[in-house]
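Chains as they are written, first to last, in the numbering used here: chain A, 1 to 287; chain B, 1001 to 1288.
Since the hints were derived computationally from the structure, they do not count as laboratory data.
It is possible that some hints are incorrect.
Said to hold, decoys possible - Pairs of lysine-lysine residues, derived as DSBU-like cross-links and limited to a Cα-Cα distance of at most 35 Å, are as follows: (1) B:Lys1040 with A:Lys133; (2) B:Lys1199 with A:Lys282; (3) A:Lys50 with A:Lys37; (4) A:Lys160 with A:Lys133; (5) B:Lys1005 with B:Lys1107; (6) B:Lys1033 with B:Lys1005; (7) A:Lys6 with B:Lys1033; (8) B:Lys1135 with A:Lys160; (9) A:Lys160 with A:Lys37; (10) A:Lys5 with B:Lys1107; (11) A:Lys160 with B:Lys1199; (12) B:Lys1040 with A:Lys160; (13) B:Lys1135 with A:Lys133; (14) B:Lys1060 with A:Lys177; (15) B:Lys1040 with A:Lys6; (16) A:Lys5 with B:Lys1040; (17) B:Lys1107 with A:Lys6; (18) B:Lys1107 with A:Lys160; (19) B:Lys1135 with A:Lys37; (20) A:Lys37 with B:Lys1192.
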Amino acid sequence: MRVSKKQIVEEAYISIFRVCAFLVILIIAALIIHLIKNGIQVLSWDFVSKAPTEGMTAGGIFPALAGTTLVTLITGLVALPLGVGAAIYLTEYASDNFLTRLVRLSIRNLSGVPSVVYGLFGLALFVRGLHFKPGLLTAGLTLGLLILPWAITTAEQSIKAVPVSYREGALALGCTKWFVIRTVVLPPAMPGILTGLILGLARAAGETAPILFVGASFFIPQLPHSIFDQFMALPYHLYVLSTQHQDIQLVRPIAYGTALVLLMLIMFFSGGVIYLRARLRKKYQQW
Amino acid sequence: MAEVKEKIIEIFFTLCGLMAVVVLVGIFSLLVKEGFPALKTIGFSGFFNGDLWRPDAFGKPTYGLWPAIEGTLVTTAIAMCISIPLGVGTSVYLAYLAGNRTREILKPVFELLASIPSVVIGFLGLVATGPLIAKLTGRSNGLNALNGGILLCLMSLPTIISVSEDALQALPRDFWRGSLALGATRFRTVMKVMIPAAKGGIFAAVMLGMGRAVGETMTVLMATGNVGSFPSGILSSVKTLTATIASELGEVPFGSEHYHALFVVGAALFIFTFIINLAGELVIGRKR
């Protein structure tokens, strides 16, 4: 087969786009491999199940792991009802008027507000305004508001995916609107709502800036006793170990281990959800 | 009775929907309220005319915002120089060149990039790219604007890729076929037909990606060295608006002038990102 010069030039040009995609993948792979290579040797059962000892130069990261888990649970409890409530308003009640457009514009702009500004907001509202103590609850509320736009958008998408004919059928049988929402619309939308929420929570779990001022703490040897206690969190622990500790070189292996655990935790949940969502999408054929 | 109940339920859900508006307005008004005492004692000119951010200077603290604003601009500009070509190029690949199977594997991979925590990226800047830059430039320290910008590009890439791919996918397939039928090469079709036709969506993608870069905190806090003077080039250490808040708020006493001044920084940051995102959203909104 004869290949003209023009075809070769064209192939070279078009490869620019392939190279772009390849570069992005390469960067992601390089980052992850670097973390795994340097973090894998400190990983052990003790590392994830024991508290730090000797000024954080030895021991594990269990309190940070537990703190992140607890604060993420509270975040979910805050974001789920608010997100689903707002999504029900948008899909079932809202008519196309100024108010609805304002709500939609606000949701989109909220998702662009920098996370550190949410930290300032949490401090000013919950700590200074409502006199909450910085702790699990305050951090959970702050993070809950941070992922609220995400929770609303994903809930709205999965509620919208429920066919209109379901609603019309139930309404025609004489059901009230609330009954239809509760028994016909929400149950099939629930898997989608929950997968969306978990993806949002995985991102909230990795956030550091918003919890800096509302409850994350350097070092607490025991687990929090109540939702008002301060807590250790994985991302904050990584930040402290890599920039604030007095002997940064000595704790570097532990920092690598913490980074790897945090990354694996988040990748496990978001990867799982992205996979589940692809399957759900096939089931509903739209979403 | 049932009608009253239905009405109450409707009002309840409307209030849930209004939460988003309340939170957005609440954030801005609280920033202004907490920043106001500092604006009163320092004044607008203290923030915007001063060239020095020295809140801890003994006796005569100064609160000039320009070094931090320039720090933010420099790191964001570096990030955009890398992530716009790389992101748009990748989205062209996904939209027109990749096979269906490849696309179905790659899209989740880029989504995973979006969920890597910024503190992990910052940590990598500290231990991997920073030392690498130091070695290549022969300096003792690689924690500078260039390092921050390179890492910020990772934070804005997922947004740019996904929004601009959506814009390209939304174009009629006939544009692509028509241009090829007229004898244009694929590269020419992409550059002269597809990208110009999707320029609104691509602009929005760039804006949203830029909003992420401007608002990103942990990455720049850990990777740029945090020296709060005017940057004298891309290899000098900078301190951004976000890093100023994150590194200082933990140490200031509640209610001090410095504390209130940091809320002014927050308000400035809010306004910056709000304008950038609004510009992007308006373009997307018009397309819808």
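Numbers of unmet hints, in rising order: 4, 5, 6, 7, 8, 9, 12, 13, 14, 15, 16, 20
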